[in-house]
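Sequential numbering from 1 applies to the sequence shown in this note's numbering.
Read the hints as simulated data drawn from the structure, not as lab findings.
The beta carbon of each residue, even a glycine, is placed where N, CA and C say it ideally should be.
Wrong hints could be hidden among the right ones.
Label-pair distances were calculated between CB atoms; the ranges are [unchecked claim]: (1) ARG187 / LYS95: 15 to 25 Å; (2) ASN112 / ARG42: 36 to 46 Å; (3) ASP170 / TYR113: 16 to 26 Å; (4) LEU186 / ALA72: 28 to 38 Å.
Subject to a maximum C-alpha distance of 20 Å in a straight line, what follows is the list of computed SDA-like cross-link-like pairs (lysine to any residue) [as the list claims (entries may be wrong)]: (5) LYS95 / ASP109; (6) LYS95 / ALA108; (7) LYS95 / ARG75; (8) LYS34 / GLY166; (9) LYS95 / GLU60; (10) LYS95 / LYS34; (11) LYS95 / PRO78; (12) LYS95 / ARG76; (13) LYS95 / THR145; (14) LYS95 / PHE77; (15) LYS95 / ASP67; (16) LYS34 / THR145; (17) LYS34 / ASP67.
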Amino acid sequence: MRIAGICELVLETDEVEKLASFYRELGLDSGAGKITRALVRRLRERGGEVICETPIERIEVRGRRADAAVAADGRRFPTRRAVLADCGAPALFLKMLPPEVVPERVRADLRNYQPQPRRRRDQRRHRPALPAGDLPSFPGLGRPTTPVQDLYLASSSAHPGGGLHGGPGDNAARTALRTERLRSLLRR
1 MRIAGICELV LETDEVEKLA SFYRELGLDS GAGKITRALV RRLRERGGEV
51 ICETPIERIE VRGRRADAAV AADGRRFPTR RAVLADCGAP ALFLKMLPPE
101 VVPERVRADL RNYQPQPRRR RDQRRHRPAL PAGDLPSFPG LGRPTTPVQD
151 LYLASSSAHP GGGLHGGPGD NAARTALRTE RLRSLLRR
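Could you build all of it, start to finish, from the sequences and the hints given here?
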């Protein structure tokens, strides 16, 4: 599970190299590895950082707003703008959030949900194929928004589901930024 605040993401140099090495092993260095390094470089230039291998145990909520992400080692990452949760919906809603902020209907649906792997599409027909075992998004979670203000679901549990496209994270980030801009306009 990974949770990252917008513009507060941190990746140590050795982690960037691990990612780059992984992409090279897959023969993807010409694209994905370069994209990763470029994104990390741009983030650092803007004062951000990426922290890897730091599992988030829970999300603190104050007044129905995501207040902080708390790591398993006890470190607390206060929310400045938003939290993008890159974990499955069951982990987020059933384990990481206080039960009182998640509607009981959602909790019940998640407890009873049995995901089925998507079928691979025929590549000869030029349709996108998903990695084996990739799961569809959780029914009812078409949007990245959650019942908690400034907490967005950025994983394959959100639309458009899993794959190598980054769609759920992009949707979550765009929604968070749009929401922040709207609040800024309303404060004027």
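Status of each hint after checking the structure:
no.: 1; hint: ARG187 / LYS95: 15 to 25 Å; result: violated, 34 Å
no.: 2; hint: ASN112 / ARG42: 36 to 46 Å; result: holds, 42 Å
no.: 3; hint: ASP170 / TYR113: 16 to 26 Å; result: holds, 24 Å
no.: 4; hint: LEU186 / ALA72: 28 to 38 Å; result: holds, 37 Å
no.: 5; hint: LYS95 / ASP109; result: holds, 14 Å
no.: 6; hint: LYS95 / ALA108; result: holds, 13 Å
no.: 7; hint: LYS95 / ARG75; result: holds, 18 Å
no.: 8; hint: LYS34 / GLY166; result: holds, 15 Å
no.: 9; hint: LYS95 / GLU60; result: holds, 12 Å
no.: 10; hint: LYS95 / LYS34; result: violated, 35 Å
no.: 11; hint: LYS95 / PRO78; result: holds, 19 Å
no.: 12; hint: LYS95 / ARG76; result: holds, 17 Å
no.: 13; hint: LYS95 / THR145; result: holds, 18 Å
no.: 14; hint: LYS95 / PHE77; result: holds, 18 Å
no.: 15; hint: LYS95 / ASP67; result: holds, 16 Å
no.: 16; hint: LYS34 / THR145; result: violated, 30 Å
no.: 17; hint: LYS34 / ASP67; result: violated, 33 Å
In this structure, the hints that do not hold are numbers 1, 10, 16 and 17, in rising order.
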